[in-house]
Amino acid sequence: YVVKDCDSLCGDGSYLLAVTKRTTSEALVLWRGGHMHTSQPYEKSSATLPKVPMNFSEADERFACKDCFMQRGDNNFVCLLCDMEFWGEADLRFHSTTRRHQKASRNKVWENIETFIQMRYGDSLSLLGVVQTSAGTLRCVHCEKPLPSYYDAARHVNTRAHDDYMKHAFWHCEALAIHDGTGWRRSEAAQHLLRDMPDPCRLMREQYIAPTRDSCFVCKLCGTRLDCLARIQEHIASNKHTKKRRWMRYEMKRE
Numbered sequence: 001y002v003v004k005d006c007d008s009l010c011g012d013g014s015y016l017l018a019v020t021k022r023t024t025s026e027a028l029v030l031w032r033g034g035h036m037h038t039s040q041p042y043e044k045s046s047a048t049l050p051k052v053p054m055n056f057s058e059a060d061e062r063f064a065c066k067d068c069f070m071q072r073g074d075n076n077f078v079c080l081l082c083d084m085e086f087w088g089e090a091d092l093r094f095h096s097t098t099r100r101h102q103k104a105s106r107n108k109v110w111e112n113i114e115t116f117i118q119m120r121y122g123d124s125l126s127l128l129g130v131v132q133t134s135a136g137t138l139r140c141v142h143c144e145k146p147l148p149s150y151y152d153a154a155r156h157v158n159t160r161a162h163d164d165y166m167k168h169a170f171w172h173c174e175a176l177a178i179h180d181g182t183g184w185r186r187s188e189a190a191q192h193l194l195r196d197m198p199d200p201c202r203l204m205r206e207q208y209i210a211p212t213r214d215s216c217f218v219c220k221l222c223g224t225r226l227d228c229l230a231r232i233q234e235h236i237a238s239n240k241h242t243k244k245r246r247w248m249r250y251e252m253k254r255e
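Per full-length UniProt numbering: the sequence shown = residues 1 to 255.
To be clear, the hints were calculated from the coordinates, so they are not data collected in a lab.
Watch out, some of these pointers could steer you wrong.
[Claimed, not checked] Straight line, CA to CA, 27 Å or less: simulated BS3-like cross-link-like pairs of lysine-lysine:
#1 K103 x K66
#2 K51 x K145
#3 K240 x K253
#4 K220 x K253
#5 K243 x K220
#6 K51 x K108
#7 K240 x K220
#8 K243 x K253
#9 K103 x K51
#10 K220 x K244
Every value quoted in this text rests on a predicted model; they were computed, and no experiment measured them.
Generate coordinates for the entire structure from the input sequences, incorporating the hints supplied.
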């Protein structure tokens with residue numbers, strides 16, 4: 001934990017709490033910090049994002065190709081998959097072993113898997129950033145990754161890369177709410193990281209912290225790219241930013 005005195009910034013002797021883990025990719029995550037005057041950390045919040053399983057298999061009996069043969073008469077059969085007609089059970093049994101029928105059966109199984117995922121987990125995938133394009137394919141809006149099928153989408157939302165992007169999107173929404181002053185007091189950041197700060201919305205604006213188009217923030221004074229709330233707080237309290245802020249005030253007074 002890095003706690004720095006920023007009396008010159010806040011004006012009331014309050015503190016900025018900066019919690020960073022620069023050596024890991026977890027710096028993108030909005031973790032809860034410890035309380036200002038104790039070493040007791042807050043508990044991590046429970047995940048609220050929906051879960052989509054990824055262990056779908058063509059060997060699963062739920063997706064088996066059933067009722068693909070139909071009997072029309074005493075000795076007349078039809079394969080609904082291959083659209084072929086047979087006279088006698090012997091011909092039908094032989095057809096079921098052919099490469100054409102087995103390929104059609106596998107395609108039907110995967111079609112059943114697609115339908116199952118879409119019907120059961122379609123809403124969950126939407127919440128996780130998977131949308132349907134005008135071409136009828138799928139796409140992850142967070143990772144900007146095309147997804148050929150719902151099966152691929154289910155596997156994608158379980159990857160580490162997508163999980164990191166979702167966490168990044170989560171903290172960015174919180175940081176943007178703080179910057180814009182819209183409902184940020186109900187956020188995790190307001191309840192934990194920023195609970196001892198008088199007005200973090202005004203502070204971010206006065207310290208020239210602005211959002212970028214790629215879901216991050218930048219310091220307009222220093223040109224520093226900031227990819228999590230902790231780094232925003234740490235940068236505002238840094239010597240580099242403080243000196244530039246003080247120099248800018250000096251230049252403004254001279255003018």
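Hints and how they fare:
1. K103 x K66: Judged against 27 Å, a Cα distance of about 14 Å means the pair holds.
2. K51 x K145: The hint holds at about 19 Å.
3. K240 x K253: With Cα atoms ~20 Å apart, K240 and K253 stay inside 27 Å; holds.
4. K220 x K253: holds (20 Å)
5. K243 x K220: With Cα atoms ~14 Å apart, K243 and K220 stay inside 27 Å; holds.
6. K51 x K108: Between K51 and K108 the Cα gap is close to 26 Å, so the pair holds against 27 Å.
7. K240 x K220: holds (13 Å)
8. K243 x K253: Holds: K243 and K253 sit about 15 Å apart, inside 27 Å.
9. K103 x K51: Since the Cα atoms of K103 and K51 sit roughly 32 Å apart, the hinted pair is violated (cutoff 27 Å).
10. K220 x K244: The hint holds at about 11 Å.
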